[in-house]
Amino acid sequence: MIPKTFTNNTSEIIGNNQRIIKKILDICYTRKIPYHSLGNEISGEARDLAKFYVRIAQSLKNNSQSFPSFCDLEVNTPAISEWFEIIRELFDKHGEILLVAGGEPTVTLLGDGKGGRNQELALAFQIESAGNINASFLSAGTDGQDGPCDVSGAWSGAQDSNVNLNGEARSFLESSDSYNYFKKHAPHRHIRTGLTFTNVMDIHLLYIKAH
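Just so you know, the UniProt record's numbering puts 203 at position 203 of the sequence shown, and the rest follows in order with no gaps.
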C-alpha cells in the first residue's frame, strides 16, 4: 500500500546529532581550540570504544608513524585513512586537539549494578588509559539521562594518579556499576544537565594534550 501524500504538510528537522557536533566545533573555532570531527555514526561495545579512543591518544602522544589498529575491536568508526593524518598534523602543530564524535555505543551487562552506556564508556576509558596519557574524555547523552540514572554521562581524566584505585575501578566496571563508581569516587565527574526533552544520540569529546 502506497502511503498517502499530504500536499499541505511540510516537515523540518530542527535538531539532530550533526547540529550538536557543529555547535561544539563552532565553540572550538571561537576559542581557538584545535579540533576535528569523527562524524556522528560511532557505535559498538562501550568497552571497545574506550580502547579505540585510548589508542588514538596513545598513538598521537607517542608520535607513532603508523596507524593504530582497531581490527580486534567491535566498533563502527570512520575509516582511519580518512582522518588520522589530519588529526596527527593538527596535534603536531598545536600540541593539543579536541576530537568530537556522535553516535550511540552499546553495553553488554555483566552484573546487576547501576549505570548507562556513557558512564560505562567514561569509566572504561579511565581504566584503559591508566594514567599514561595526558587526555580527558567525556561521554554524555543529549536527552540528559544515561540509562536509569539521574545523570547524562561522565568524564574521565586519565592523568589521575589514583586512576584505578587499586583495582576498584575495574571491579565496578565488571559489575556494570559505573554510576556508583563515579558517585563514590568522583561525583564531580558526573554530567548533570537535567532532562532536555529531546534525544539526538550521544556526544563524545576526547581532548589530548602533548604536555
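Mixed in with the good hints, there may be bad ones.
Computed cross-link-like contacts, BS3-like style, restricted to lysine-lysine with a CA-CA straight-line distance of at most 25 Å [said to hold, decoys possible]:
(1) Lys32 with Lys184
(2) Lys114 with Lys22
(3) Lys209 with Lys23
(4) Lys93 with Lys32
(5) Lys183 with Lys51
(6) Lys22 with Lys209
(7) Lys51 with Lys209
(8) Lys61 with Lys51
(9) Lys61 with Lys209
In short, the hints are calculated from the structure, not lab data.
Unsatisfied constraints (hint numbers, rising): Hint check: 1, 2 fail, others pass.
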